[in-house]
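Engineer: Could you build the full structure based on these sequences and the hints that come with them?
Residue numbers (full-length UniProt numbering), protein chains in the order written: chain A, 1 to 424; chain B, 1 to 424.
If you want the footprint, here are the derived chain A segments under chain B, 3+ residues with CB under 8 Å: (1) 19–26; (2) 39–48; (3) 279–293; (4) 296–307; (5) 386–395.
Cross-link-like lysine-lysine pairs, in silico, BS3-like; alpha carbons within 27 Å at most: (6) B/Lys309 - A/Lys309; (7) A/Lys116 - B/Lys196; (8) A/Lys227 - A/Lys161; (9) A/Lys309 - A/Lys361; (10) A/Lys181 - A/Lys157; (11) B/Lys157 - B/Lys182; (12) A/Lys382 - A/Lys196; (13) A/Lys83 - B/Lys2; (14) B/Lys161 - B/Lys181; (15) A/Lys196 - A/Lys227; (16) A/Lys2 - A/Lys227; (17) A/Lys227 - A/Lys181; (18) B/Lys83 - A/Lys2; (19) B/Lys83 - B/Lys2; (20) B/Lys116 - A/Lys196.
Hints listed in this document are in silico derivations from the structure and should not be mistaken for laboratory results.
Remember, it's a predicted structure, so these values are computed and weren't measured experimentally.
From the three backbone atoms N, C-alpha and C, an ideal C-beta is built for every residue, glycine too.
2 protein chains.
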Amino acid sequence: MKLEMICTGEEVLSGQIVDTNAAWFANVMMEQGIEVQRRITVGDRLEDLIAVFQERSLHADVILVNGGLGPTSDDLSAEAMAKAKGEPLVENLVWRQRLEDWFTRNGREMPLSNLKQALLPESAVMVDNPVGTACGFRVKLNRAWLFFTPGVPFELKEMVKGQFIPFLQQEYGVGAKVAVKKLLTIGHGESALADKLETLELPEGVTLGYRSSMPHIEIKIFARGDKAIGLLPRVTNHVRQVLGTAVVAEDRQSLAEEIHGRLNQSGFSLALAESCTGGLIASDLVAFSGSSSYLHHGLVTYSNESKVKVLGVSPQTLDDHGAVSIATVEEMALGARRLLDSDFALATSGIAGPDGGSEEKPVGTVALALATRGGVYSQMIKLPRRSRDLVRSLSAAVALDMLRRELLGEAVIVDYGSIGRYSK
Amino acid sequence: MKLEMICTGEEVLSGQIVDTNAAWFANVMMEQGIEVQRRITVGDRLEDLIAVFQERSLHADVILVNGGLGPTSDDLSAEAMAKAKGEPLVENLVWRQRLEDWFTRNGREMPLSNLKQALLPESAVMVDNPVGTACGFRVKLNRAWLFFTPGVPFELKEMVKGQFIPFLQQEYGVGAKVAVKKLLTIGHGESALADKLETLELPEGVTLGYRSSMPHIEIKIFARGDKAIGLLPRVTNHVRQVLGTAVVAEDRQSLAEEIHGRLNQSGFSLALAESCTGGLIASDLVAFSGSSSYLHHGLVTYSNESKVKVLGVSPQTLDDHGAVSIATVEEMALGARRLLDSDFALATSGIAGPDGGSEEKPVGTVALALATRGGVYSQMIKLPRRSRDLVRSLSAAVALDMLRRELLGEAVIVDYGSIGRYSK
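Structural biologist: Dropping the structure here:
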């Protein structure tokens, strides 16, 4: 089964929006064990659409077409498909009724322009859209089924999951038996991870994929077929062993999500004292609903005065050791924890660059501390200085991992591949 | 001149990475007045690459090919191009020397695999890459020039700006006379902005584009040709007048960048007290190097205890009015400003959702305050409750705009289209 995707829309073609639908779709297909073999992006010109439908229908078995189903004059997918097949547009009475009901239910009169959304090519099979006014449809042309989906990401996702994947399973018997395990790593580049994992002998049906999402690389372990799926836990365990401290979460998007999951409703409370990360840790946690259950506060003490006044860092410590030092960051963590007697406090202070580095403390030097009810852990690390963003996001990740390891009762301070550490 | 783009690489096709190169390239071309007419994304299979090069060379005049120039076995662009044209790969001695010099300069021995990067199709014209080991090249096939560029975003950008655009200008005389003005807006959807601007009569050669970048919509005013460029300031002025308070910055990526630009080196200092925005404002400012020159601190006082203890908000105020109230947010701003006697302080407190709303204060209710040496401004706004992220980012944007307007000596509290406001 040869699958292709056609993305339509001037705003996608012209780069006004980045095509996240395409990446999402390819990803979901891969998790079903199906590869998208080619993706074509075209604008809103009728003749371009007709040409690309006709041309690709000679090469592919299934083509997911995304976008161009709206009510406005530049939404031309249905018209182009009808012309490509040489048949008229016909009003679909079922969908017209659905549209009218939808507007009645919302107490609004239906604009005439929406009637257009019920016009489908004569031979089209309607595909339900339970969450929007654009109905999907599919048309057979030459060797291909062209499957039309709305451009609104939420509607596309519903239709792919609810209609497109079942259609593939029924028509082509594919995609039924796939499982994926995702491991989130820090501190190693993609090629370093691949080198380490190359030695693993993977059972048939098991493959590895890598996805970079700064500051993480996500490793996906795909298993296709019953036998491979049965072996997935064992393979996952091997991968964990080979990678050691690099793996910081499983089936999570970020370390912040992992920490949020562990702290939310746990009864433990957290305070933050951020300097170089500048609110990044707080903001990443507050992004999750329910973070108020554990996050007492996050104090972005960017100036020395603020470190003294808000956190109670001693001016003498700042004078003797500087803001980026083990001594300062320990006092920051202790001070942040003490304020509301939180269970834990994390503190960061570092040189994010591009300016501000010195020979002794170059850009990428970051001091981190975790204060607990029992004491304080600290370390000073050397991060790759590729960009200010990378230094900040890696600092946040290592800090959050210190807390994660403490919550698990593991050693708080460990080595992570490419992240260096200053001896105390 | 018909321009297309071919993106290569399994990781782009399979959605493991979102193709930001494609969006960037289309955007830059549009600013040159050139449309990309089609974009094809293919994987790393040799036969797919050969087929797509041959096929598109019959339709386009210029094709930018991105990716596949690296040293590893899945980098096949040069080989595929040679096969598509029916000619051998030949070692380019100039580039081989450059590679050897590059490794010598960096004190490393050149791995043999890098030699591959000097092998170009026989008829290729080498294109310099001053920032990487992958040289670009261009080959004429059928009616098209295929122009090969590296996949590393930084290297692509250098090559497009330094080599590809000059090549287009020289060969096709295009792209020389275009100017763009970018206006950043908040508080209106794309269609509402378009409705407002539809009435404007634009002079010939001037067009409008929209780009959504939450919580902003960016309006681009393109002017093509001397006459249109001469009229650009006048058109920009008209657009500003029509949009009023919606325009919050010009030629900036975000309001944070605008505020950073105005505060950096100004001598004014800033403190932040964030609740619902949870470090977002601090983090967006700290993203810029030099923010330490004005940012005293950002206090993410997420719990009521922290508002009392760190900011000195009165427990009585919290009891009487609640955390999300004009009274509380004013005390937060005053408290944050007072701590280090900063010139300004911004405070936010709101209900980001999806939980935590009430009938009186539904999700999307946000209180904002700006404290200055002279007093305190405050307002309580109603934001669309589409998502937690949107509530947080719009809250941050309106807060930053209050400060921006104060710095300009304009009214601090104004209406923004779709953003509602509670009367005090």
